[in-house]
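> Heads up: the sequence lines are chains P and H, in that order.
Start counting the first sequence at 68; every next residue gets the next number (our numbering).
Start counting the second sequence at 1350; every next residue gets the next number (our numbering).
Treat each hint with caution, since some may be false.
As the list claims (entries may be wrong) - Cβ-to-Cβ under 10 Å is the rule here; a few derived chain H residues that face chain P:
hint, residue
1, Phe1381
2, Lys1467
3, Tyr1489
What the hints assert, rightly or not - In silico negatives: residues of chain P with every beta carbon more than 10 Å from chain H:
hint, residue
4, Gln121
5, Gln332
6, Ile450
7, Gly723
These aren't lab readings, by the way, just hints derived from the structure by calculation.
Being a predicted model, the structure only gives us computed values, none of them experimental.
Think of the CB as a built atom: it goes at the ideal place given N, C-alpha and C, for glycine as much as any other residue.
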Amino acid sequence: MEYVGKNVMRVDALAKVTGLAQYPGDIDLPDQAYMKVLFSAHPHAIIKQIDTSQAEALPGVLAVLTAKDVPNNEYGLISPDQPVLCGPGSTKEFADRVLTVCDQVALVIAETEKIARQALKLIRVDYEVLPPITDPLAAMAEGSPILHQELNSNIFCKFRIRKGDWESAFRDSEVVIEDEYVTPAQEHAYLQPEAGVGYIDEQGRVTVIVGGQWTHEDQEQIAHSLKLPLEQVRVIYPAIGGAFGGREDMSVQIILALAVQHLHQRGISRPVKIIWNREESMIGHHKRHPYIIRLKVGANRDGKLTAAQAELITDGGAYMYTSTKVMGNATLLVTGPYNIPNVRVDSTAVYTNNLPNGAFRGFGGPQACFAIESSINKLAEKIGMDPVELRMRNLITENDTLSVGTPLPRGVTIQPVLERCARAAGWVKTEGGWKYPGSRITSDGDRPHILQGVGISCGYKNVGFSFGAPERCTATIELYGESEIEKVILRHAGAEVGQGSHTAFVQMTAQALNVPLEKVQLIASDTAETENAGSVSASRMTFMAGNSIRGAAALALSKWQAEERPVIATYEYRPPKTTPYDPATGKSEPNFAYGYVAEAVTAEVDVETGQIRLKKIICVDDVGRAVNPQQVEGQIEGALVQAAGYAILENFIQTGGQVLTRTLSTYLIPTILDIPDVIEPIILEYPDPIGPFGARGMGEMPYLPLVPAITDAVHAATGIWFDEFPLVPERVFNALHQ
Amino acid sequence: MTEKISLTVNGKLQTIEVEPEMTLLDVIRDVFNLTGTKRGCDNSTCGTCVVVVNGKAVKSCNYPISKAQGATILTVEGISQGMTLHPIQSAIAESGAVQCGFCTPGIVMELYGLLEEKPEASEQEMTNALNKHLCRCNGYEPIMNGARVAQELIKERNKASE
């Protein structure tokens, strides 16, 4: 029987449609106390003093915790540069400074949430307010005040790529395009606000039930801040209401563990629960990085690309989070899936007093893709060549080298992907090359104020951790029965955040063992029950888990054949090694696998209002193998609608380090009335040579090329290039009526 | 200061003590422990808290509990019969509309309020109803597809029981 490639119903579908699925905020434990967080009132200040006496005196308050109560007051995914709680008396120097309004200052634990909320208002914090630095360019400038006192610069990450002789290549280029692109922040807006419950489990472990993207990383972060041995900390994920990268860093994990541990040490062994409201969620977690990308691309009249030069600057916000990794990706992807012989890239990430920026679907890819694809479309216009034809003359192949001096892993399919997309959108291949028959701008006689255009773009997205980051994933398979396998247990920590990972795991297990789906039970996402799987990020989980499952299944079957009963087989998958950027040249082997994508957009522009309406998106994705085609389509459509929000609707506003868009009624995400009229996902299956069953990762890639495809369509309709978005009506109207 | 209130929840008449500032959502989640109904925002924007009150889909997060005196409330836990799913639940489960699932109960109850009252609802009426809900995962098309299937299933069921 084939289980991979089938539209199997999700393993969690019934629990979710009946309301029985429990999310972190739905779980209550007997005798639980409630916690609330006091966030910083200022984006930049020194906390001189915190007076918690009135709050502690409020009847029903069990404890008020501040910086002095954190055993090792620091955490961070890449660098432990953030205090768990900011204020005086910390184990960490300079932790008396707040650097952003998402800094947490105090925790109140009380009998009820209401009392905890009242107590927050009784905490007196004496701030010495400092001027916030919110402009990344100002923060980078010589002489800027330093935000992290232990450093001598606000710049915390620099990469460079040097390939060939770009200077003479630009001198000799017949056409050069040079522009500055500006991309906005974006809020994840997963529907389940951060929540969780902590307790001491039956083995005395500090245990947190919470939503996240990597159980074992959460466990490490908690252990680090609480100075506990790893095995004394347990992290369990229940159902999780969306993530998109926004749960990659800590929110309530460490503070829940801290609260439970603190009470326990005082002889109060009670569970502690926290639920953030929407405003706390929007202030309390990171956003997508805004970028400034200055990009210069050279070509000859025959369309052949000669050189590219890029300068990328991103606002990391107050703490590092995953900024260095995001920048690593953007630095690589900013030259697109093209063979460009001469490349210079300089990237800088800088601290400011804005909210931290971090992981969000695409992870630097959408920003980079917007810049390069916009420039490619502009080059095509300037040369007078069709944009598909221009791309076809430059698309990277397995024989070419990337900007970083090494070839892509085998299985490069950008050419058939773009070709399929172009044809689906109406392009034809003629003797003179690819052409769009007729005009890419149309108008409607009845509605003269509506202009309609067609745009195109393509891209590629890495699968898995990049640039030498340790990459592994472990699965355990248990087989029970005597003459035949009666029951299979898969133990896997891989998080289910909504993307369908657990269903894919079960399908791949059934396939690898050749047993019916019904025999496979999943024990998932509990550090006490499962081994490290790495994060659900970087489009990696199907790929990594699939290979770990295949390894464990092969091992389990050989043990079964050797008459072991029951069988327990654990397998750790390690993909081919990647290597970091060489500091001088950027030379590296950045990734072990990729997915390839192309999109065509038909967009309408209302010249009277500046409103953009997406009529149609064609999205062609080489996913290698669609383990569950329905879920793959769900990823494509979901990514496109989220990317459409990023392009034309979502407008996250911070002023002076304060968040102005704190609700879902001021930060607008697409509703059913905002979605494109037609989305046509086209799934291609060119197997990845090392992917499980041929699968590539695909959760992010549909996101990447949408913005430049939309701006290309808008340009086709109006003649205006937008180098900055979101294309909210005001921006479009002003550009049309300048 | 509490007050007494009686209401029927998922077919069972209940009399409870409530604080007057509580919303229907507070009571459903915190008093009855029916956590299928969700809280996703602070200002009745997201639709995850939708339940059916006296046959109509309402946002329970801005529904004062005093207004629920004597009302008949249905939550997502109350519409399946044992292991048999309501047609809306089975259609939504099969259409690909479930990803993270946090929006799902509210959407199921929205469609319940519309389609049980008006099985002949137009496409526009269904879209308008779903426009009260946010989903961040699936792009809405699978939800709409599920709604169309559910509508057909309900019509068939109604015809069969005539």
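> State for each hint whether it applies.
A quick look at each hint next to the structure:
1. Taken as an interface hint, H/Phe1381 does not check out: its beta carbon lies about 12 Å from the nearest beta carbon of chain P, beyond 10 Å.
2. Violation of the interface hint for H/Lys1467 is found here, the shortest Cβ-Cβ separation to chain P being roughly 18 Å, above the 10 Å cut-off.
3. Here the hint on H/Tyr1489 is kept, as its CB sits about 4 Å from the closest CB of chain P, short of 10 Å.
4. For P/Gln121, the non-interface assignment is confirmed: its Cβ lies about 24 Å from the closest Cβ of chain H, beyond the 10 Å cut-off.
5. The claim that P/Gln332 is not at the interface with chain H holds, since no C-beta of that chain comes within 10 Å of its own (minimum 29 Å).
6. Listed as a non-interface residue, P/Ile450 keeps its Cβ farther than 10 Å from every Cβ of chain H; the least gap is roughly 36 Å.
7. Even its closest Cβ contact with chain H, about 23 Å, leaves P/Gly723 beyond 10 Å, as expected for a residue assigned away from the interface.
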